[in-house]
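**Student:** If you read the protein sequences in the order shown, they are chains A and B.
Under our numbering, the first residue of the first sequence is numbered 1, with each subsequent residue one higher.
Under our numbering, the first residue of the second sequence is numbered 1, with each subsequent residue one higher.
Hints are computed from structural coordinates only; laboratory data are not their basis.
Beta carbons: idealized from backbone N, C-alpha and C, even for Gly.
Where hints are given, some of them may not hold.
A few chain A residues facing chain B, derived, Cβ under 7 Å [stated by the list, open to error]: (1) 68; (2) 75; (3) 100; (4) 106.
Partner residues aside, some chain A positions facing chain B, computed with beta carbon under 10 Å [to be verified]: (5) 37; (6) 48; (7) 57.
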Amino acid sequence: MNNPKVQFDKTLIEARQSNQPQLIVDLIPYSSFIGANAQIDHDDIVYWLDRRSSNIGNPSLPAIHGGVIGGFLELCASIELMFHSEVIQPPKVIDFSVDYLRPGRYKTIYASCEVLRQGKKLVNVSASAWQDDSGLPIATARCHFLLQ
Amino acid sequence: MNLKLALFKPMLKLAMERTGHGAALGFEITRIGFGEVDLVFPYKAETVGNPLTGVVHGGVIVSLLDTCCGSAAITMLNSSAVTPTMDLRLDYMHAAKPFEPIYVSAKVYKNTSNVIFCRGSAWQDDPDNPIAHCIANFIRVETSSVSLGAIVKRRVGRLMRRKNQQGSGPDE
């Protein structure tokens, strides 16, 4: 019962069945380190990153750290994959690329992901982050995962 | 230039290690040279990405490499300018080992009037067998808001405001 792997699998299945991606978010310690959350909105998952001072990169603007935005998008992409497919462990990232389009202001960041292709071995996921308007993204990313 | 770099090194180290996300991660910058920066990140349980293995999340590697490459880019500036990241691409060669520190180094390999091109890598045992490798490009934006004078002026202004608020505090 206390086997972490059994517990992990159980939570993954429960999250999918009850439509609660937040359960998967809570499995990963890094999520609470940066303040990431997830919720279902019209069949899609919307992710958001809490406004907190430990995510600031440039205190004089202030702006959110580019690495946090990148890390958040990578986290979102892996949760999207764990929620929508049958993978039973955190997927392995092969490569990750992020384009910064606008500065991340010191307020909540939202994100959404899309699995563009899922093969037997390789999955390509794209992710986009915005603040006020989803039409004005602050960053976009794409991520390749290897399925084991 | 040498005097400037000597003054600039502790400022950059302080700004990166003690504020915001740098302070939250708790890494230490071990070397700052002209276009080259090294840092070390001690293992931190809060940043784990895979609870089954205890390996840190890829997002931490993104933050470390972005910080390291960004710092290397800043050392190339000789005027009042900032260098926001344009893009960053990361290749993960193998999984990091849990409970062990991660070493990161970054180097500017081309510096132009508008763009600064950087390479970075993260490793544990052997620099020739990295966990991850990245390329990050930074755009040079000239601005007067980051000149030493402007920063001192802002700091003093903030201090004065705080003092005034404290002075009128008990009456409110």
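**Student:** If a hint holds in the structure, say so; if it does not, say that too.
**Tutor:** Each hint tested on the structure:
no.: 1; hint: 68; verdict: holds (5 Å)
no.: 2; hint: 75; verdict: holds (6 Å)
no.: 3; hint: 100; verdict: holds (5 Å)
no.: 4; hint: 106; verdict: violated (10 Å)
no.: 5; hint: 37; verdict: violated (15 Å)
no.: 6; hint: 48; verdict: violated (15 Å)
no.: 7; hint: 57; verdict: holds (6 Å)
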